[in-house]
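Asker: One-letter residues, chain by chain:
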Amino acid sequence: MTTTSLTLSRTEPEWRLPGRGRIGMSALIVAEAAIFTIFVVAYLFYIGQSLSGPTPREVLSPPYFYTFCLLSSSLTIHFASRSLRRSNLRSFGAWWLLTITLGAIFLYGTASEWHRLIYTDGLTISTNLFGTTYYSLVGLHGFHVVVGLVCLSTVMVFALFGAVKQGHAERIDVLSLYWHFVDAVWIVVFTVVYVIGR
Amino acid sequence: MSTESIAWPSTTAASPSFVDRLHEWIVTVDHKRLGILYIVYALIFLVIGGVEATVMRIQLIRPHNDFVSPEVFNRMFTMHGTTMIFFVAMPVLFGFANYLIPLMIGARDMAFPRLNAFGFWMTAFGGLLLYFSLVGANGLYGAGNAPDVGWFAYAPLTSQTFSVGHSTDFWTLALLVSGFGSISTAINIVATILCLRCPGMTLAKMPLFAWLNFVMAGLVILAVSPLTAAQIMLLLDRYLGAHFFDTQAGGSAVIWMHFFWIFGHPEVYVLVLPAFAFASEIIPVFSRKAIFGYPVMVGATVAIGFISMSVWAHHMFTVGMGANVNTFFVISTMAIAVPTGIKIFNWLATIWGGKIEFKTPMLFCIAFLFQFLIAGLTGVMMSAAPFDWQLGNSYFVVAHFHYVIVGGILFTLFAAFYYWFPKMSGKMYSEPLGKLHFWLFLIGFHLTFDFMHVPGLLGMPRRIYTYEPGRGWDTWNLIVTIGVFFQTAGILAFLGNLLWSYYRGKAAGSDPWDAWTLEWSTNSPPPAYNFAVIPTVKSRRPLWDLKHPDDPDWKYE
Numbered sequence: 001m002t003t004t005s006l007t008l009s010r011t012e013p014e015w016r017l018p019g020r021g022r023i024g025m026s027a028l029i030v031a032e033a034a035i036f037t038i039f040v041v042a043y044l045f046y047i048g049q050s051l052s053g054p055t056p057r058e059v060l061s062p063p064y065f066y067t068f069c070l071l072s073s074s075l076t077i078h079f080a081s082r083s084l085r086r087s088n089l090r091s092f093g094a095w096w097l098l099t100i101t102l103g104a105i106f107l108y109g110t111a112s113e114w115h116r117l118i119y120t121d122g123l124t125i126s127t128n129l130f131g132t133t134y135y136s137l138v139g140l141h142g143f144h145v146v147v148g149l150v151c152l153s154t155v156m157v158f159a160l161f162g163a164v165k166q167g168h169a170e171r172i173d174v175l176s177l178y179w180h181f182v183d184a185v186w187i188v189v190f191t192v193v194y195v196i197g198r
Numbered sequence: 001m002s003t004e005s006i007a008w009p010s011t012t013a014a015s016p017s018f019v020d021r022l023h024e025w026i027v028t029v030d031h032k033r034l035g036i037l038y039i040v041y042a043l044i045f046l047v048i049g050g051v052e053a054t055v056m057r058i059q060l061i062r063p064h065n066d067f068v069s070p071e072v073f074n075r076m077f078t079m080h081g082t083t084m085i086f087f088v089a090m091p092v093l094f095g096f097a098n099y100l101i102p103l104m105i106g107a108r109d110m111a112f113p114r115l116n117a118f119g120f121w122m123t124a125f126g127g128l129l130l131y132f133s134l135v136g137a138n139g140l141y142g143a144g145n146a147p148d149v150g151w152f153a154y155a156p157l158t159s160q161t162f163s164v165g166h167s168t169d170f171w172t173l174a175l176l177v178s179g180f181g182s183i184s185t186a187i188n189i190v191a192t193i194l195c196l197r198c199p200g201m202t203l204a205k206m207p208l209f210a211w212l213n214f215v216m217a218g219l220v221i222l223a224v225s226p227l228t229a230a231q232i233m234l235l236l237d238r239y240l241g242a243h244f245f246d247t248q249a250g251g252s253a254v255i256w257m258h259f260f261w262i263f264g265h266p267e268v269y270v271l272v273l274p275a276f277a278f279a280s281e282i283i284p285v286f287s288r289k290a291i292f293g294y295p296v297m298v299g300a301t302v303a304i305g306f307i308s309m310s311v312w313a314h315h316m317f318t319v320g321m322g323a324n325v326n327t328f329f330v331i332s333t334m335a336i337a338v339p340t341g342i343k344i345f346n347w348l349a350t351i352w353g354g355k356i357e358f359k360t361p362m363l364f365c366i367a368f369l370f371q372f373l374i375a376g377l378t379g380v381m382m383s384a385a386p387f388d389w390q391l392g393n394s395y396f397v398v399a400h401f402h403y404v405i406v407g408g409i410l411f412t413l414f415a416a417f418y419y420w421f422p423k424m425s426g427k428m429y430s431e432p433l434g435k436l437h438f439w440l441f442l443i444g445f446h447l448t449f450d451f452m453h454v455p456g457l458l459g460m461p462r463r464i465y466t467y468e469p470g471r472g473w474d475t476w477n478l479i480v481t482i483g484v485f486f487q488t489a490g491i492l493a494f495l496g497n498l499l500w501s502y503y504r505g506k507a508a509g510s511d512p513w514d515a516w517t518l519e520w521s522t523n524s525p526p527p528a529y530n531f532a533v534i535p536t537v538k539s540r541r542p543l544w545d546l547k548h549p550d551d552p553d554w555k556y557e
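For the record, the sequence lines run as chains A and B. Just so you know, the numbering used here puts 92 at position 92 of the first sequence, and the rest follows in order with no gaps. Just so you know, the numbering used here puts 228 at position 228 of the second sequence, and the rest follows in order with no gaps.
Hints listed in this document are in silico derivations from the structure and should not be mistaken for laboratory results.
No farther apart than 25 Å at their CA atoms in a straight line, the calculated lysine to aspartate or glutamate pairs in the DMTMM-like style are these: (1) B:555 to A:14; (2) B:538 to A:14; (3) B:205 to A:14; (4) B:435 to B:514; (5) B:205 to B:514; (6) B:506 to B:357; (7) B:538 to B:550; (8) B:289 to B:511; (9) B:427 to B:511.
A short, non-exhaustive set of chain B residues, derived as facing chain A with CB atoms under 7 Å: (10) 183; (11) 222; (12) 236; (13) 240; (14) 243; (15) 249; (16) 259.
What follows is a list of derived Cβ distance ranges for each label pair: (17) A:121 to B:51: 50 to 58 Å; (18) B:502 to A:171: 36 to 44 Å; (19) A:171 to B:546: 33 to 41 Å; (20) A:86 to B:534: 30 to 38 Å.
C-beta: ideal position from N, C-alpha, C; glycine also.
The whole structure should be built from the sequences, with the hints applied where relevant.
Answerer: Following this line, the structure appears as structure tokens:
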């Protein structure tokens with residue numbers, strides 16, 4: 001028995017399987033994508049079905065600047081994790097902080113848009129079908145940005161106390177997978193809400 | 001003081017107090033303990049859901065019966081369906097998956113043990129929320145009531161206008177919360193299978209049990225998430241005045257049906273794939289042959305997974321979706337029968353020429369083969385849209401899906417209980433009691449669900465609380481209800497067997513069935529670390545290789 005297993009390890013390549021973090025996060029992303037799909041389908045299905053105003057064309061304008069911020073945060077988090085892999089902790093902290101800032105700016109953008117829609121244009125979730133689908137889809141995405149920011153900030157706190165080391169690069173990569181997903185979803189939401197939906 | 005501190009550790013070492021043991025179970029992250037928690041939890045709800053079914057059948061035993069009021073009847077069928085699917089079938093299948101997958105692939109635990117505990121407690125909390133509606137649905141100032149909107153809760157019945165009080169909210173929240181639990185468990189199963197297989201176990205050498213549960217977990221991820229999304233929308237409608245399913249504001253009631261059934265039909269396969277998994281492990285062992293056509297079985301499983309995502313609207317033929325949509329779903333529904341049929345033939349070919357041992361698990365599996373075939377045939381009948389227009393929402397449909405869920409899934413589940421009970425408890429079950437359970441339940445099942453097809457064909461709709469005499473439904477309903485009592489007796493024999501064997505059964509040993517998968521290579525019950533040494537495998541039947549070094553499987557695979 002022992003001899004057979006010895007010959008096995010000599011003749012066959014080393015036994016390597018993917019990391020559980022990466023696989024687990026990918027599976028979570030698939031599940032989240034399915035949830036978003038249903039909200040996107042609802043949005044597309046109800047375009048132009050509202051019985052009363054305001055309509056998307058009257059009140060929405062594409063948030064180019066905030067979109068730019070969110071999408072570029074994908075780039076900065078990539079640089080952050082690359083710095084960590086090279087054990088450049090100072091540069092990691094800087095890129096990580098920049099990522100959080102960009103995410104926060106995006107969230108501010110959503111908040112100010114919602115404030116304007118509610119108080120100036122009188123659009124709430126119960127106004128019409130547009131309001132219903134708009135707030136739920138954009139809100140669901142915003143919720144994911146908030147969750148992402150909470151996770152990123154937790155890492156930031158650890159980094160400030162010097163607890164994030166090169167050895168954590170794999171975990172940071174897993175977290176950045178989630179952040180990339182949040183950004184990718186925004187591309188879909190932007191297309192559906194501000195391009196097709198208007 | 002000092003005498004106390006000396007006495008204390010010696011007593012705990014002898015036998016930990018009840019509180020300590022309870023604490024151990026509550027904080028556990030061990031996949032085996034969580035598996036057993038899932039299973040015991042599901043058995044409790046099985047009894048509750050069974051009582052609800054019995055109440056309905058007693059009400060329908062004769063025309064104009066007044067055993068329960070129409071309102072109570074509505075609550076009974078809603079709670080029965082919701083309980084059985086979400087708090088019996090899914091937890092018990094997750095329990096077996098949790099317990100067996102790490103053992104079968106030679107791992108020491110699931111990929112994320114704490115996420116595993118989270119998944120169980122979310123599911124448990126969901127079940128409690130559902131039943132808390134019985135006291136809390138009116139907001140705790142009076143007698144509450146249970147949800148009564150049916151297990152698929154069609155709009156606009158769920159709107160504030162038609163569902164006053166909080167019963168529908170409890171239903172929604174229960175499904176939402178247990179859905180989070182299901183998704184996290186599914187993620188865990190996928191990660192465990194992809195990342196923790198022991199050396200040598202390539203995907204092509206994995207036990208079929210792991211393969212089928214892998215596809216099942218993928219389906220949970222893809223199918224339960226839409227349900228979660230739909231429940232969020234329903235909550236937004238009910239609490240924030242959104243209009244997703246509000247036809248008065250241009251919303252659509254039909255889109256709820258789509259969202260529900262895009263979960264609901266893959267859900268059937270989420271439940272049946274683990275049943276196939278049990279059959280695929282048990283039938284070869286009791287036929288003393290390796291499974292026939294392993295690669296085809298895997299291919300058919302993956303095919304079922306894919307096709308099951310595109311058949312949901314066959315639940316909606318009577319809605320009037322138009323000829324093109326109907327045709328698509330007729331064809332996709334008929335197509336899914338092909339990989340399923342392939343599986344039946346493979347199991348038959350496994351039995352063919354084998355040295356069959358008619359132990360209780362095998363008996364349940366053989367009954368499963370026949371019953372699942374019939375269930376599949378009535379399924380193909382109803383996949384034809386015109387036939388469905390005639391029989392949609394009738395007792396024929398109820399008979400069909402109970403044939404799948406009871407005749408297919410529950411029978412293999414009983415087989416699994418008897419097959420793995422020696423491993424989980426270390427004790428052998430009582431074979432005579434097991435056979436008694438089998439025959440009682442077989443007779444009860446056929447009395448109830450064979451004869452239930454007939455009133456359906458005669459036009460009896462589902463979910464009616466009573467009916468007029470003289471429509472030719474009376475005798476059939478009487479027979480159907482009589483069957484329930486046989487089934488109840490069978491369940492009592494089953495539960496009695498589990499309890500008696502747990503306390504009084506004789507020791508089973510690590511490998512009572514002379515089986516071939518890795519879980520039988522460790523002790524019964526397995527130690528917390530599963531394997532002292534992580535095994536290395538060279539074929540699909542590692543224990544066969546170990547027992548027959550002169551003629552190992554890996555020479556032929």
